[in-house]
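Now for the letters of each chain:
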Amino acid sequence: MKTLGLNLLFIPLLLTIAACSRQYKVSSITPGKTTVDQALKILNEPISVKKSSINEEMGLIYKWDDVSLQVKDKVVKAIHRGPATHEKDLQFWRQKYQGVESKLTQLQSPGEGLLRMNIPSAGLNILYNQRNDQVVTVTEYETL
Amino acid sequence: MKRFKKRVRVHFKLWMRHHSSASVAFVFLLVLTFSLAGVGYKYKSDSKGFVGTSTFAQWSAHHENKATRTLASSEQACEEAKLSAKSIDKEITQLEALYDSGHEVQGNWYGIDLASLPTIQAQLLADHGSLIGNKNHSQNYRQCTDVVCVFNSIYKDKTELSGKLVYYWYLKTGSMLNLSNMVPGQLSKYPGKYQKQTIKLSEYLFNLDELKKFHNLARALPSRFVHNPLFRSIHKIPNKLAIEQEDESTCSKAMVSGQILMGSKCLPEDQTQFSLKVSEHIAQYIDQYHAQKNGKLFSHSKQWLNSSQWEKEQVWDFSSDEFKQVWTSTLDEKHFLDKNSSLNPSKQFSSLLAAYRFRPNLVQAKTPIELRNLIKNEFFHGQSYDANGLYESYLSNTLSSWRKKESTIWKDCLDEHYNPSNKRELASSLENPLFTCVESKVPNFIQDSVLQLKQQETEGCGFFNNQDTFGHVSKRYQTNVDKFLTEQVLKRKLELKSHGDEVVTGLVAKESFLSEVDPGSLFINCFNKSNPSQCYEQNLLMGINKTLKKHNQLSTHYKEVIKKDIASLFPYSQVEKNTQILAKRFLAPFNSQINFAAQELWNNCRRRSSPERLDMSLFFAGGSKYVQASLLNCISEKAQEKLSKIVDQGSFHQVEDKRVSFKLNPAEKIFALTFMKSKMKQALNNILEEELKLEKHRLASYFKDKKRKIQKDLKESKTLLTDVYSYEQVNSACLKDVQKSYPKRVLYHSQRTLDKGPGRKICSSFIELPETKTIIEEKSQKSWENNLKLVEGHLDEFFSDKVSDCIESFPRTLGENFEK
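Heads up: the sequence lines are chains B and Z, in that order.
Our numbering applies: residue 1 is where the first sequence begins, and numbers increase by one.
Our numbering applies: residue 1 is where the second sequence begins, and numbers increase by one.
Don't read these hints as lab results, they were simulated from the structure.
Honestly, I wouldn't trust all of these hints.
Have a look at the derived ranges for each label pair, beta carbon to beta carbon [what the hints assert, rightly or not]:
1) Z/LYS564 <-> B/ILE42: 52 to 60 Å
2) Z/PHE12 <-> B/THR143: 50 to 58 Å
3) B/ASP37 <-> Z/LYS6: 35 to 43 Å
4) B/ILE54 <-> Z/ASP723: 45 to 53 Å
5) Z/GLU244 <-> B/ASP37: 46 to 54 Å
Dumping the calculated PhoX-like pairs for lysine-lysine here, alpha-carbon to alpha-carbon at most 25 Å [said to hold, decoys possible]:
6) Z/LYS293 <-> Z/LYS312
7) B/LYS96 <-> Z/LYS712
8) Z/LYS707 <-> Z/LYS744
9) Z/LYS756 <-> B/LYS103
10) B/LYS63 <-> Z/LYS293
11) Z/LYS13 <-> B/LYS50
Predicted model only: the values in this text are computed from it and were never measured.
For glycine and all other residues, C-beta sits at the position ideal for the given N, C-alpha and C.
Given the sequences, and given the hints that come with them, work out the whole structure.
So, in structure tokens, the structure goes:
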């Protein structure tokens, strides 16, 4: 009874942590450093693994529901993930990186209204959908 | 973790020990009471919905009394459907009457007192005044008493039809056809200039043929396509020029800010193609609006992506340092309407939605049924537009209309012919005068229904008159309507024979439900629940049960019959559609207030200058533009309040000396706010676009004026050219100095943008000055020489130290030849 009572206190806490933990797991992967084996240990089995259809030299694409990894020579080269709640407005990124070099350009995709904001010094590319007024993908890539 | 758990356990035990069991029981009871109260409140609020007519319906009923349509003959109905000066005048009068909010719009627009105009006309000028007239000349429309006059003075059309068609489009869709010589997003800041050409105003205007096509389109657009708060206007690109900053091949485009640009070189001649082209762009705003309400574009929802098997691939291309994305679908190519719609889900969505309405047979032939049903249920309220779809829809309308009118028809005949003392006679014969009375009303009812369909439905006249295309389905309609009504009358006859008074009571109960309960209210109370249709159906059933409770003399069996009967009158999709139409009409006159409120909010918030961090729950995030955090935070704090004030006003209607007020209840306000929020955000976005342009011009003038002074200050600076190592170093030092001269209030450009733009320009031109260049070269040469000497000195010292070390480490006896 006592254990049950205490567990009732901990369950909501654990659920909150579990929700954040997936983001935490993804954030523990570093492009250019984390190997594919390490990444698979962190994220478990992907839904699919395919060669890139855009350009085979881009490597293999490991896909999960919420994230995809670009892997070449067994090392994660780029992470494409959805934004966290506070990252959904492009304004957040504009303000956060206002002091550094960034480039905002249109992505060639008819009818989609997509803009990409590239921040080379941070190894970040932010994909923003004007129609949705939301950031749709945050790409972290290896910087040399 | 274990320690923490132990600590909590210990403290909990201590707490329990200190507090008596009685107080624990009291606390428990208190918690239980509040929980039950909470549940009860929720139950009550959920079940409130079926009391009373919604404000939208009341307001609409008031206006429909003004805008009564008399049913003409069948030939007249179809004649009136053809465009003529008379028919359009009539339609405009009827439409205008539906939008009267009773409010006056204050102000003057180029000589016209807005308060003297009907609300919707004043609304149009207040909202879209910038899209009217030659912006290179001063304008005065003092001689005009309505907007049609204004439009016709621009068109110089003696028939006056052009102005009426433009106004008609606005009334039907809530958006405006451009009548000015500016194109949104044009490169030149001067009106009348496009693609570096000077162009007359008349070239920007849609000609009469094109306006007629817009008229036909406006009549055909389904409810989801009209009064979309994100869709503002349509603009013609003049002189068959290409759209600036787009490929030559791009014929038209829908801007995120709400404007559709149509290239004049590719406006289709054919009505169907024209309707398809325009509605495809409008469909993008439907998708956008869905994202505003639900957080995601419908075309990117799991439902849509799964139904067409779309997959997204994203890569970072290291060779070009570019992000790339591509959509692929495993659906067979033949299931896409054309190559364009197979590019990505957004394109597929907009082309399918448009084709569903205007090329239903193509959609029927190509699109998988799952996808068709998804579109049908989500966006077309269960209706389809192919011949069979029209037949089903018209039949359903007619039968639904019968079910609603049935009780009145029977009641009238019962009042005339029914007598409880004649019950036996009723029970023994099916040829009673009562039944004959009802049967005699059926042909008129069918005739009226057909007339209404011809008047109100775009394809109505075609359906009943065009035997080649619709002959088979219109015959089926006639046959089945006859059959159904005969069956219904027979059913009631048999019920009356066997149940007698119960049937009469049942009819009374049905009528009282129809007069007491507004399904629109039920919909509004459920629209933001997780499963709105389930909530609606539960509430509808509760409402029916409540009505039936007042008639306890009904048997359980007959109560079930009536329940099913009434429930079938108000299917969720139909109620959703009707309520949204009413709400949009009610709210349309508030658009100018929303625009004013947005401008006022912006002007107030601009004054807030404290340095702030961005608040994450932003009402308006500035889209892709940089905006000072203080401005955005201020807007987020105050926008809701502004909107609530507008919604609180409600509408009113002056009837002689009496003022009838229509105020929204709390649930209706929440419903109304979902429409108004999108409008407000769009208004804020438009303000931002204008403000950004103004600030760019302001900064350009500012730096032009200040350039000399800044350069003088730089020249006179004692510290700037003191330590010089390179051009880049001087540039950076220069920028730091120039930053002190930046204007204080810059809202839409970050410091880095100013550094990269005017800052760098000033510093570059300063560095390029001959005297500066000379100083830099001299000093950097001197620095270089000093460094060289220093290094050489260090190297000498370094090497001599090393030599000494070597000699110490490897001592040699001085030989005979060593000269001391």
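Inset, instruction - Taking the numbered hints from earlier one at a time, note which ones the structure violates and give those numbers from smallest to largest. - result: Checked against the structure, the hints that fail are numbers 7, 10 and 11, while the rest are satisfied.
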